Amino acid sequence: MAIVVLQDVHKTYPLGKTEVHAVKGVSFEIEEGDFLSIVGPSGSGKSTILNLIGCIDTPTSGTVLINGQDTKKLTDRQLTRLRHEVLGFVFQSFNLIPVLNVYENVEFPLLLGDAAADKSERREWIEYLIESVGLAEWRNHRPNELSGGQRQRVAIARALVTKPQVVLADEPTANLDSKTGEVIIELMKKMNKELRTTFVFSTHDHDIMAIADHIIRLQDGRVIENIRRSESAVSTETS
Amino acid sequence: MMTTVRIAFRNTRRQKKRSFLLGGAIAFGVMMITLLNAFTAGLIDNVKLNFSYIIGGHIFITGSELTDTGRVINSIGDDDIAQTALDEILPYVQQVNRRSSSMGLLIFGAKDAVQRLDGINWEAEPDLIKNLSVTEGSLDEVTDRQAMILPQATANKLGVAVGETVLVKLSTVTGQQNLGEFRVIAISQDQSGFGIDSAFVSLSYLNELLDLEEDAYQMLHVFLKDMADMDMAADIVYESIAARAEVEPRYSMGLNMDRDEDLEEAQMEALNQLFGGERQVVEPWEGTKFAVTTLNDVMAPVMSLIGVLNTIGLVVFIILLLITMVGIMNTFRMVLIERTQEIGTMRAIGMQQSAVRNIFMLEALFIGLGGACAGFIMANIVMLALSLIHFNTDSALKFFLYQNRLTFRLVPGSVALNLTLLLVMTVLAAYAPARAAARLRPADALRATY
Chain A
1 MAIVVLQDVH KTYPLGKTEV HAVKGVSFEI EEGDFLSIVG PSGSGKSTIL NLIGCIDTPT
61 SGTVLINGQD TKKLTDRQLT RLRHEVLGFV FQSFNLIPVL NVYENVEFPL LLGDAAADKS
121 ERREWIEYLI ESVGLAEWRN HRPNELSGGQ RQRVAIARAL VTKPQVVLAD EPTANLDSKT
181 GEVIIELMKK MNKELRTTFV FSTHDHDIMA IADHIIRLQD GRVIENIRRS ESAVSTETS
Chain B
1 MMTTVRIAFR NTRRQKKRSF LLGGAIAFGV MMITLLNAFT AGLIDNVKLN FSYIIGGHIF
61 ITGSELTDTG RVINSIGDDD IAQTALDEIL PYVQQVNRRS SSMGLLIFGA KDAVQRLDGI
121 NWEAEPDLIK NLSVTEGSLD EVTDRQAMIL PQATANKLGV AVGETVLVKL STVTGQQNLG
181 EFRVIAISQD QSGFGIDSAF VSLSYLNELL DLEEDAYQML HVFLKDMADM DMAADIVYES
241 IAARAEVEPR YSMGLNMDRD EDLEEAQMEA LNQLFGGERQ VVEPWEGTKF AVTTLNDVMA
301 PVMSLIGVLN TIGLVVFIIL LLITMVGIMN TFRMVLIERT QEIGTMRAIG MQQSAVRNIF
361 MLEALFIGLG GACAGFIMAN IVMLALSLIH FNTDSALKFF LYQNRLTFRL VPGSVALNLT
421 LLLVMTVLAA YAPARAAARL RPADALRATY
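Line by line, the protein sequences give chains A and B.
For what it's worth, the working numbering labels the leading residue of the first sequence as 1, then goes sequentially.
For what it's worth, the working numbering labels the leading residue of the second sequence as 1, then goes sequentially.
No lab work stands behind these hints: they were computed from the structure.
None of these values were measured; they are calculated from a predicted model.
Honestly, I wouldn't trust all of these hints.
Negatives, chain B to chain A, calculated, CB over 12 Å [claimed, not checked]:
hint, residue
1, Thr-3
2, Glu-214
3, Glu-342
4, Thr-345
5, Gly-350
6, Phe-399
Using 20 Å as the maximum straight-line C-alpha spacing, the simulated EDC-like pairs for lysine to aspartate or glutamate come out as follows [what the hints assert, rightly or not]:
hint, chain 1, residue 1, chain 2, residue 2
7, B, Lys-16, A, Glu-145
8, A, Lys-72, B, Glu-338
9, B, Lys-17, B, Asp-444
10, A, Lys-190, A, Asp-70
11, B, Lys-225, B, Asp-78
12, A, Lys-179, A, Asp-207
13, B, Lys-48, B, Asp-229
14, A, Lys-17, B, Asp-444
15, B, Lys-225, B, Asp-45
All C-beta atoms, glycine included, are put in the ideal place defined by N, C-alpha and C.
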């Protein structure tokens, strides 16, 4: 079942007196449980598409459906709630809250919702995530006391804490060395398998995209390749 | 909400120097206004206390009667009316003294001095004997008809010693000149510290010199247990007397600058009764016409001056606050730029606009609270230090001191008002940047590179 649907999506930005046409009529679907890599050179529209899927930006034209909801028709408040309930984010430069420690950063999204979950259940879940990303000993440290790889692991745990249906990661390994980058992608894959969470990440690292089971290749704001791999078959669409 | 509070609180410590400078500016303003308010409140207390020593009470009931020849004399002929009124405020009363008084010219040899004389019924005022501080002589013979206790300053001026006799020239209530002779039995230390103490003499002898009945009196001096009850108790007494006798209009001075002319006249009339000034008969009356005066009424000009001082202080405080507000606003604009990406992150994760705005406003509130607490503590330290200074002065400055020291009194209402004003203005200053932060589009905020 498609959890994210993009239909003929265009996005233009004003840049001084001119306009930049970042996304030009993109259409594709993301299935539940996908481990999707959006690849392409710089300026190909990867981040813009992730922003559109992440409801932190709206398309100039076309439709973005998240769980069947047209994001263009939602108010800011509804979009914020949708982001909180359905989506998780992992940023290229980690974007942790500097005044909160590891535990508090992971806990943070849970405290923004309306639902009052059982406290001990919540604590157990956070502890499980922190342990899963290998940071149990660092739980009381603040972001400035962690390495880049550790920070990104905190970001992954934070993205998963609300049990989102989709986690969006914008070049999650760009600021990491290749070895740490691999560890992070493996961790994401592990979470994808264990929690059945859909992962959508952008990258231009060929080693990393090889792990993905669904690849969308972009160039100049257009999808040039949409490859879906499975154990038995590989389907390829090109445009 | 706790997360918002936690983040806001921790944010205040991210730029310690900046928060310290902002809080410091707020602390300075709070310290100054707290000091000024406490100083003026202490000043009022001291002036009232010192004044009450001089004029011997907190509420004064005076009476005037019209003679057959149309002259006005100061006397309370109908004691029952005043007594009934006093019974109504009995729980608040510490002591009631019945006195006559007059200004007289004391003559000793070739020297003379003008002195206020208070006629005392010594049997009724044993506390006065206890409280009088005598430097020379003794009070053993105080009930002697012609005994006089002379203040030190007047004794020095006349060069008179204990046991010697002074002549007193004064006017009777009907305006005749009269002469009396008093023997100085003791010299009293300056009671009020202003060198304007009364000389104490026998009530019956002074009445005789004033041409009053032996057991008559001109004034009831009421000392209350708590000065704060003064106006309330005076109003009760006034209502009670007004129901039974002629009474001068009561005026409430306080800090009211818009008094009408009738009340101005009434005020002068009452003060004249109290201090023995010129009297005018506007309309004739029968029996005793009473006037009720309080220490607050007498002190109205001083209170007005202090009120002006407080107003100036408040204006200066508001100007300081406005300058601080500009500082806060600029600082939070800078903070907004610094934290744009962070705001984008929080919004992306699911924080609503209102929560982002609250973080900024709470941060301003915490800085304001911290500054206010620091300013309040600093003010208390300065007050303590200033109150330890002993002023060796014999000047009029003594009027504002208590035992030669400055005193400070914190008025909870003023403190609460100033702090509320400060916190409201601080939060208001942060509102515009906070709103701008909340309205940032998450995608734009995350793209920000500054």
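Outcome of the hint check:
1. Distance check for Thr-3(B) against chain A: the nearest CB is about 4 Å away, which does not clear 12 Å, and the non-interface claim fails.
2. Its beta-carbon lying about 85 Å from the closest one in chain A, Glu-214(B) satisfies the requirement of being farther than 12 Å from that chain.
3. A Cβ of chain A approaches the Cβ of Glu-342(B) within 12 Å, the least distance being about 7 Å, so the stated non-interface status is violated.
4. The claim that Thr-345(B) lies off the interface is violated: its Cβ sits roughly 4 Å from the closest Cβ of chain A, which falls inside the 12 Å cut-off.
5. For Gly-350(B), the shortest C-beta to C-beta distance to chain A comes to about 3 Å, within the 12 Å cut-off, and the non-interface label is violated.
6. No Cβ of chain A comes within 12 Å of the Cβ of Phe-399(B); the nearest lies about 55 Å off, and the non-interface call holds.
7. Between Lys-16(B) and Glu-145(A) the CA atoms are separated by roughly 19 Å; this keeps the pair inside 20 Å, and the hint holds.
8. For the hint linking Lys-72(A) to Glu-338(B), the alpha-carbon distance of about 30 Å lies beyond 20 Å, and the restraint is violated.
9. The hinted pair formed by Lys-17(B) and Asp-444(B) fails the criterion: a straight-line CA distance of about 29 Å is larger than 20 Å.
10. Proposed proximity of Lys-190(A) and Asp-70(A) is contradicted: the alpha carbons are some 30 Å apart, above 20 Å.
11. Taking the CA atoms of Lys-225(B) and Asp-78(B), the gap is near 26 Å; set against the 20 Å cutoff, the hint is violated.
12. With a C-alpha separation of about 11 Å, the suggested pair Lys-179(A) and Asp-207(A) falls inside the 20 Å cut-off, and the hint holds.
13. A distance of roughly 13 Å separates the Cα atoms of Lys-48(B) and Asp-229(B); the hinted pair therefore holds under the 20 Å criterion.
14. Of the pairs offered as hints, the one joining Lys-17(A) and Asp-444(B) holds, with about 18 Å between alpha carbons and a cut-off of 20 Å not exceeded.
15. Note on Lys-225(B) and Asp-45(B): the hinted pairing holds, with a Cα-Cα distance of about 14 Å set against a maximum of 20 Å.
Hint compliance for this structure: hints 1, 3, 4, 5, 8, 9, 10, 11 are broken, all remaining hints hold.
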